[in-house]
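Visitor: With chain E fixed as given, assemble chain D onto it according to the hints.
Protein chains: 2
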Amino acid sequence: MEGLTKIDDLGKPRVVIVGGGFGGLELAKTLAEAPVQVVLIDRQNYHTFQPLLYQVATAGLDEGDIVSPFRKILAPQPNFYFRLAEVTSIDTTEQVVETTIGKVRYDFLVVATGAEPNYFGDAAMAKNSIAIKSVEEALELRNSILTNFEQALQLGDHEAINSLLDFVIVGGGPTGVEIAGALSELRTHVFPKDYRELDFKEMDIHVVQSGPVLLKGMSANASAKSLEYLQELGVQVWLETRVKSYDGYTVTLSTGQQLIARTLIWAAGVTGAPIQGLRADCLVPGNRYLVDGYSRIHGYENVFAIGDIALMKTAAYPDGHPMVAQPALQQGRRLGQNISRQLNGQLMETFEYHDKGAMATIGRNHAVADIKLFGREYHLDGFIAWLAWSFIHVISLVGFRNRLAVFFTWGWDYFTHDKGLRYIIGKTKAPLVEQDMEEKAIV
Amino acid sequence: MEGLTKIDDLGKPRVVIVGGGFGGLELAKTLAEAPVQVVLIDRQNYHTFQPLLYQVATAGLDEGDIVSPFRKILAPQPNFYFRLAEVTSIDTTEQVVETTIGKVRYDFLVVATGAEPNYFGDAAMAKNSIAIKSVEEALELRNSILTNFEQALQLGDHEAINSLLDFVIVGGGPTGVEIAGALSELRTHVFPKDYRELDFKEMDIHVVQSGPVLLKGMSANASAKSLEYLQELGVQVWLETRVKSYDGYTVTLSTGQQLIARTLIWAAGVTGAPIQGLRADCLVPGNRYLVDGYSRIHGYENVFAIGDIALMKTAAYPDGHPMVAQPALQQGRRLGQNISRQLNGQLMETFEYHDKGAMATIGRNHAVADIKLFGREYHLDGFIAWLAWSFIHVISLVGFRNRLAVFFTWGWDYFTHDKGLRYIIGKTKAPLVEQDMEEKAIV
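Protein chains in written order, with the working numbering: chain E, 19 to 461; chain D, 19 to 461.
If we strip away everything but chain E, and leave its shape as in the complex, we get (with noise of 0.2 Å):
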């Protein structure tokens, strides 16, 4: 066939992945053994690991601890194969996605884009926030964090301080808990030795949620206990209250009340990222991928789809699962072992998911977990939350290397209350117009 990629052919079944996020990277490891030839294609040549991204967007981790290269990490799986691409366009009548870099042919195709930021359309909110879905996100985040201080230096007044100074984080999830607690911690124990001559009193860190609890979806105790631990740090939080608008400057609240602030962080909701190509019925609002059981996408015989951007409906989970890292991973795992089955000429298994909780870390020695072992349910809480939450995020890393490294940061900066990466490389959001500069003050 003409115009094809070049990839080795091993003259096995070829399984084509698109996208190396939990789902994805843990399909192929799961391969490894199988009597097929894997090939992923992801737009980075990196896995990344998504719930420590709001520590790189807060100076507390290098984003070289919390990405590992695709290569680096499958090196040693003989049938792994790697392209540097982005999919286009998907063929199932020729069996082939359309890539960056040219067509690859599959015998299996499994999408595993995952999802991305969700702005219900509002394109100025798009434009004008900051989402956290990437390492290039979050180093933006980190960079416009910086510069707001450093510009904030030069201005004379008062409003004009105050904007650079707030931050509004719209969406009370894990994301939004976990971020606004990092920037508190950022507040009291690290900006105001590094920028004497601002008044931290005056730094404001909003999150604002369209719900009546934080943390929607963990258990009750979780959610009562996250507001309280924002609101001891000093954090303002709007429940039952939504973004109406935000011009970059102004947020506009649904109470009709307004925000100044020139960063608005975008951890509000997520849609599937969806490919070309495939028929239109099997993509569901939310712009996910209708699949069966087996993973496989509605209508199609060796086409599926997983995690994020995949929705399973279960007797227990008629909604689907949660857009998170363990479905994905589970459901990477279980179609890993239903490729080999059904190449041994056995059954297919169906998934089954395993929630073994849920949790959330707000600032310094604080966390909120929900573990279920054996069937039953957990609260934790406080310091041991915690201590919990801080040992599974490094046992989960990709790595021996990135587990050491993250370990070996965290304690440095717990015991010198710092988060040193503070440096500004690359692209910066939003740097202030001109006008705002001519406004100098006298010495």
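Hints were generated in silico from the structure; no laboratory data involved. It cannot be assumed that every hint is accurate.
For identical chains, the list gives no copy identity; a pair is met inside one copy or between any two copies.
DSS-like, lysine-lysine: derived pairs with alpha carbons at most 30 Å apart [as the list claims (entries may be wrong)]:
| hint | residue 1 | residue 2 |
| --- | --- | --- |
| 1 | K30 | K47 |
| 2 | K447 | K151 |
| 3 | K219 | K262 |
| 4 | K211 | K30 |
| 5 | K145 | K262 |
| 6 | K331 | K47 |
| 7 | K211 | K121 |
| 8 | K30 | K219 |
| 9 | K374 | K145 |
| 10 | K151 | K331 |
| 11 | K151 | K445 |
| 12 | K262 | K47 |
| 13 | K445 | K145 |
| 14 | K445 | K24 |
| 15 | K30 | K445 |
| 16 | K211 | K47 |
Guide: Then chain D, alone, in the frame of chain E:
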């Protein structure tokens, strides 16, 4: 005075330092106890440990481990102020520097802007090559190297593949030699595992040196051994050869020979980075400011220059000091002491350079070092020089945390034969043009 930038006035003489490299940072630290206000202005908010930039470029070190935010280093120093800005000109009559964020008044002005790559007026070279003078350039080089290999996988044509696999380094000084060694380490130990589909016998590394020896200025032993080590590693060294032109693909040498390479690393000469506004007659060829033994720029009483931007002719160094870290550091310290002396009504002391020697590493276990101790010079090479190089570089890093992190990373990589930071984040030089990618082989 109107339009001055907002800096709290301590009511003390103000020392404005432009540039926070080795010289500027050391000067700021030396003035910690002096009855002055210290204002450091830099385009970046961090100090860069330039001698290890080449390791950032070759995926051996994380940029976070070799940079230190100025505010973090100098937070405990009450008389220290930092401004993130670029200085555009100097007005010695009004005693102000013009910056991108407004004017800053000075009593003492110290220019410590360092050097930038010298392309000797070759605009095509400036556009098509990559230098390694900043973190952003080092990361761009790393991204480009990795992207080259990803793209080479897609090509069928032998010359096209070779153009991506081959690297030409112009300049046989420490940077050129060290990056050639690091690239050959990657060729031997790392890339063959990552890119099994490529034949690394095809990867050529060239070092082009205009003079008859490598590491000019070091001992004959260092020059000979570094050549021997590079040749053992399979690096092709072109002595007494210049690059006449480079169009991004074809490198034409002064011998008439041509090399094909999409990546040319420019480690050949540097030129000072002067600022507008000083008298023309204080700028000497090489764009450096001529200074007296007190680092005063020729013709001025209170305007100084230190480090690479300064040319100080002394009896022992009639052509000036080497443009490396040590003279800058020592000039910064001496100038700090002299400013204190002057304010105390004491006479200033002339600068005298204490040469501690020079060293360069060439891949794993091999280095050369000329060490000057108690008036004698010792020439080390091989493993012992490599240990000395590693030790000196670790202890010279700014901040205990960076020292520990680099020590850990080097130890880890030494025993695993790995360089783990092989992710592509941010800018890449010269992406492959569209028509190249059309040339796709069939599975």
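Visitor: Identify every previously stated hint that the structure contradicts and give their numbers, smallest first.
Guide: Violated: hints 9, 12, 15.
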